[in-house]
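J.: Given next are the chains, with one letter for each unit.
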Amino acid sequence: GAVVSQHPSRVICKSGTSVKIECRSLDFQATTMFWYRQFPKKSLMLMATSNEGSKATYEQGVEKDKFLINHASLTLSTLTVTSAHPEDSSFYICSARSGGNQPQHFGDGTRLSIL
Amino acid sequence: GENVEQHPSTLSVQEGDSAVIKCTYSDSASNYFPWYKQELGKGPQLIIDIRSNVGEKKDQRIAVTLNKTAKHFSLHITETQPEDSAVYFCAASMNSNYQLIWGAGTKLIIKP
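Top line first, the protein sequences correspond to chains X and D. Note that my numbering gives residue 24 to position 24 of the first sequence, counting from 1, and the numbers run on in steps of one. Note that my numbering gives residue 70 to position 70 of the second sequence, counting from 1, and the numbers run on in steps of one.
The hints are simulated quantities; they were obtained by calculation from the structure and are not laboratory data. All the pointers check out, no bait thrown in.
Derived list of chain X stretches under chain D, where covered just means 3 residues or more per stretch with a C-beta under 8 angstroms from a C-beta of chain D:
#, stretch
1, 42-48
2, 96-110
Per label pair, the in silico range of CB-to-CB distance:
#, chain 1, residue 1, chain 2, residue 2, range
3, D, Q14, X, T80, 40 to 50 angstroms
4, X, L74, D, Q81, 34 to 44 angstroms
5, X, D27, D, Q60, 19 to 29 angstroms
6, X, K66, D, L46, 27 to 37 angstroms
7, D, D59, X, K14, 41 to 51 angstroms
8, D, I62, X, N51, 30 to 40 angstroms
9, X, D27, D, E5, 33 to 43 angstroms
10, D, R61, X, V3, 15 to 25 angstroms
Ideal Cβ placement from N, Cα and C applies to all residues, glycine included.
Working from the sequences, and respecting the hints, build out all of it.
T.: The following block contains the structure:
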């Protein structure tokens, strides 16, 4: 149980394009989803928290117009990296939980490479 | 705010031996402490968690201990196997704020 699917697993694209990453909870309803960024050999850095049907809450220093988050249903959240540049290259990971007292379950991440 | 420190950053143990990873936290209000295992190129996988109303929890070869007074918690892996090689992260959170505060991670290497 508690499976989170993230797609795509890897994206390589040109600078200036926008990239959408999907995060789905397959066997539970996710009231809250989280988006993280992870640099090589580093810990997870929380970018934003999204509750179904509400606007995402972004962490300090994360540009909301750059990283668009949509959590339109209880099983799907999307992260769109707009006008991506090489410095946006990173490993992006989503997680989901079914309630406030439940653990976060993670997707397998998306390796984004901007040329 | 909460701060979580994790040690060691790298741990190398002989296959079959035990491994212990320790974390300390700063905010006494934290009451939930999960441990995640991350394999190369994958997302973190929850392996065990503990809440502040218990001092120890065990699941087969994995156990977690919590000392609320000292504000530290530890992951114990017994009879280590090659597949235990990964990066392990501890985290802490509070009831009223479910954001996880993460440790820096420990790379566990199991030597055959």
